[in-house]
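Read off the chains here:
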Amino acid sequence: MLYRNTVGAFALASALLMAMGVAQAFDDSKYPDWNGQWRRPPGVNNQWDPSKPRYKEGAPLTPEYQAIYEANIKDQEAGGMGTDPTYTCIPDGMPRAMNVIFPMEIIIMPKTTYILIEYLTMLRRIFTDGRDFPKEFPSSFMGYSIGHWVDTDGDGHYDQLEIETRNLKNPRAFDSSGIPLHEDAETVVKEKIYADKANPDVLHDEITTMDHALTRPWTVVKNYNRVRNEIWVESICSENNDHLKLGNDVYMRSADGFLMPAKKGQAAPSLKYFEK
Amino acid sequence: MLRGSIGLCALIALVGTLGTAQAFDESKYPDLKGQWNRTTAPRWESAKNAPLTPEYRAVFEANVKDQAEGGQGDTPTFTCLSPGMPRVMNAYEPFEIVVTPQSTHILMDHIHDSRRILTDGRDWPADIDPSFAGYSIGKWLDEDGDGRYDVLVVETRALRGPRSYDSTGIPFHKDNQTIIKERLWLDKANSNTLYDEITVIDNALTRPWTTTKKYVRGPNRKPVWSESVCAEGNQHVVIEDEPYMLSSDGYLMPSKKGQKPPDLTYFKTRNKQPAE
Numbered sequence: 001m002l003y004r005n006t007v008g009a010f011a012l013a014s015a016l017l018m019a020m021g022v023a024q025a026f027d028d029s030k031y032p033d034w035n036g037q038w039r040r041p042p043g044v045n046n047q048w049d050p051s052k053p054r055y056k057e058g059a060p061l062t063p064e065y066q067a068i069y070e071a072n073i074k075d076q077e078a079g080g081m082g083t084d085p086t087y088t089c090i091p092d093g094m095p096r097a098m099n100v101i102f103p104m105e106i107i108i109m110p111k112t113t114y115i116l117i118e119y120l121t122m123l124r125r126i127f128t129d130g131r132d133f134p135k136e137f138p139s140s141f142m143g144y145s146i147g148h149w150v151d152t153d154g155d156g157h158y159d160q161l162e163i164e165t166r167n168l169k170n171p172r173a174f175d176s177s178g179i180p181l182h183e184d185a186e187t188v189v190k191e192k193i194y195a196d197k198a199n200p201d202v203l204h205d206e207i208t209t210m211d212h213a214l215t216r217p218w219t220v221v222k223n224y225n226r227v228r229n230e231i232w233v234e235s236i237c238s239e240n241n242d243h244l245k246l247g248n249d250v251y252m253r254s255a256d257g258f259l260m261p262a263k264k265g266q267a268a269p270s271l272k273y274f275e276k
Numbered sequence: 001m002l003r004g005s006i007g008l009c010a011l012i013a014l015v016g017t018l019g020t021a022q023a024f025d026e027s028k029y030p031d032l033k034g035q036w037n038r039t040t041a042p043r044w045e046s047a048k049n050a051p052l053t054p055e056y057r058a059v060f061e062a063n064v065k066d067q068a069e070g071g072q073g074d075t076p077t078f079t080c081l082s083p084g085m086p087r088v089m090n091a092y093e094p095f096e097i098v099v100t101p102q103s104t105h106i107l108m109d110h111i112h113d114s115r116r117i118l119t120d121g122r123d124w125p126a127d128i129d130p131s132f133a134g135y136s137i138g139k140w141l142d143e144d145g146d147g148r149y150d151v152l153v154v155e156t157r158a159l160r161g162p163r164s165y166d167s168t169g170i171p172f173h174k175d176n177q178t179i180i181k182e183r184l185w186l187d188k189a190n191s192n193t194l195y196d197e198i199t200v201i202d203n204a205l206t207r208p209w210t211t212t213k214k215y216v217r218g219p220n221r222k223p224v225w226s227e228s229v230c231a232e233g234n235q236h237v238v239i240e241d242e243p244y245m246l247s248s249d250g251y252l253m254p255s256k257k258g259q260k261p262p263d264l265t266y267f268k269t270r271n272k273q274p275a276e
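One line per chain: the protein sequences are A and B, in this order. Position 247 of the first sequence, counting from 1, maps to 247 under the working numbering, and the rest follow consecutively. Position 166 of the second sequence, counting from 1, maps to 166 under the working numbering, and the rest follow consecutively.
If you are wondering where the hints come from, they were derived from the structure by calculation, not from laboratory data. Among the clues, some could well be false.
[Said to hold, decoys possible] Only pairs whose alpha carbons sit at most 25 angstroms apart, straight line, appear in this in silico SDA-like list of lysine to any residue: (1) A/K192 / A/A67; (2) B/K222 / A/R125; (3) A/K245 / B/Y266; (4) B/K256 / A/K192; (5) B/K174 / A/S235; (6) B/K222 / A/Q160; (7) A/K111 / B/V224.
The structure presented is a predicted model; accordingly, all values stated were derived computationally and were not measured.
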C-alpha cells in the first residue's frame, strides 16, 4: 500500500513537474531585479575613476604610457583630441562604456545578460551559458564577455554577476581625458556587478582593468542609480558631430557648417583632389 | 499509508514552491532566440510600387538624379545617421530578438538600429521626444487560441527625420507623421522563418503601403555577433551641407564631377600641399 501510494505520489508530482518544466523555462526569481534605467549618480562626471577629478585619477601607467598620456593632455590643451578616439563617433569600447555617459538598461536572460547603453549605441552581450572563450573570434570595441552568476550570501538567489571581457580592439581610452590603453589591445577587464545591500536602487560595478599600459591591475568602482518609469532618449553621435579627421589632422565644422581649424594657427587641409 | 500521504504532500509542496518562483513563463511566447538574417537585398520594395503622392514622386525622381550624379539624394544614412523606422527592418545586419514580459527588444548592430517595443500594456505618453527608431508599443496575441502567443503586433509613432525606406531614397513626408503597424510571426510550417508584415501610413503616400519582410534563423544556436561600427572608415563627410568623399589617404575629394572644394575662409594659413 505504501509502495503504491509512493509510486502514485511520485507519478503525480513528476507529471506536474514535467508540465511545469516545460512552462518554467526561465525562473527569473533566481536573478536580481535590475529592471529600469541606470544612470550615473548626480554630480558624477564621466571620468574613469568617479572618486577622483578628471586628469588627476592616478592611473598606474607605465613610464612609456604616462608620457603618451601627458603628450595627449598637451594636444588637448592646444585644441586637439589627444588619445581620445571617440570624436569620430566610434564606440567607447570596454571598459570605458561603463562610464555610462547616457543611461543603460540591463536585461537578464538565462543564457545572456544584455547591457544596452544608448550613447554610441553600445550593446554588451555577456554570455552566462557556461561557454568558454572561443579560440578565434574577431576583436571588437565591446569585446567578448563571459559572465557567471554568483549567490554570495547563499540565500538561493543570485546577487552578483562576475564578468570577464577579452578580444578588444583599438583605439580606446579610459575616458575623454585620454588615459591610454596599450596599443597591443590585450586588455582584460574583470567586473563584479551587484546591487547595494541597503538600497536595491543603487548598482555597483567593480571594474578591474589589466593592460600592458598599466604597472598593475587598476580597480575602480562605478555606481549607478535606478530610475523607474524611465524615458529613453535617443542619442545619435554622428548627428551634429563637429569633428572630422582629414589626412592626419582633426578639424572642426563651424556653427554655419564651414570647415575651420581645431587648433590655433592650424593649416587648412589639402585640397589636392579638387580641380584647380 | 500515512507515510505515503506525507510523501505526496511534500512533493506537491515542492511543486507549489516552484510555481511561486515562476515569474516569467517564457513558454507562453514563441521561441525567437537565435540570429535572424534577411533573405533579400536590404531594399524596401521597388520604388515603382511606392504609392507616392505626385509631390513626393517628384522628390524621389530628383533624388534619383542626384544619386546618378554622385550625390546622396535623400538617403541620409551616409553620415551614419540611424536608418530609423521602418528602414531598420531591412535588417542590414543580423539581429536578435529578446522577449521579456515588459518589452521585446530587436537588437541590431548596424548604425543605431536597435528597437525597444514596450509590451507592458501602457498607452501612448502625452509627450514623446521624436526619434529615428520611434516609440513602439506592442501587444502579444494568441490568434489560434492554443494558450501561447503567436503574433506580436506593434505600432510605432513619434518618428523624426530625415529617413528614407532604403538607399534608393524613397522618401517620407517631411512632417514626420509616419505611423508604422507591424505583425511579426513565425511560419507555422517552419519555425526558423520569421515574417514581419509592415504597413506604413505616411503623408507622402496616397494610401497605406504594406510589405512583408522575411527573415531566416541561422543554424548556430551560439551565433557569432560581429560588431558593426558605421563611423569607422566612413568615407562620407558633409561640409556646408555639401557631401564630399574621403580619399583612401584620408583627404577631401569631390563626390561629384566638377564639385567645388569647401570654403576655407576660416583658415588664415593655407596648407602645405602634401607630396603628390
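Now for the hints, and whether the structure bears them out:
1. A/K192 / A/A67: Between A/K192 and A/A67 the Cα gap is close to 31 angstroms, so the pair fails against 25 angstroms, i.e. violated.
2. B/K222 / A/R125: Holds - the C-alpha atoms of A/R125 and B/K222 are around 12 angstroms apart, at most 25 angstroms.
3. A/K245 / B/Y266: 16 angstroms, holds
4. B/K256 / A/K192: 53 angstroms, violated
5. B/K174 / A/S235: 21 angstroms, holds
6. B/K222 / A/Q160: Distance ~24 angstroms between B/K222 and A/Q160 Cα, so the pair holds.
7. A/K111 / B/V224: Holds, at about 15 angstroms.
Going through the hint list in order, the structure does not satisfy hints 1, 4.
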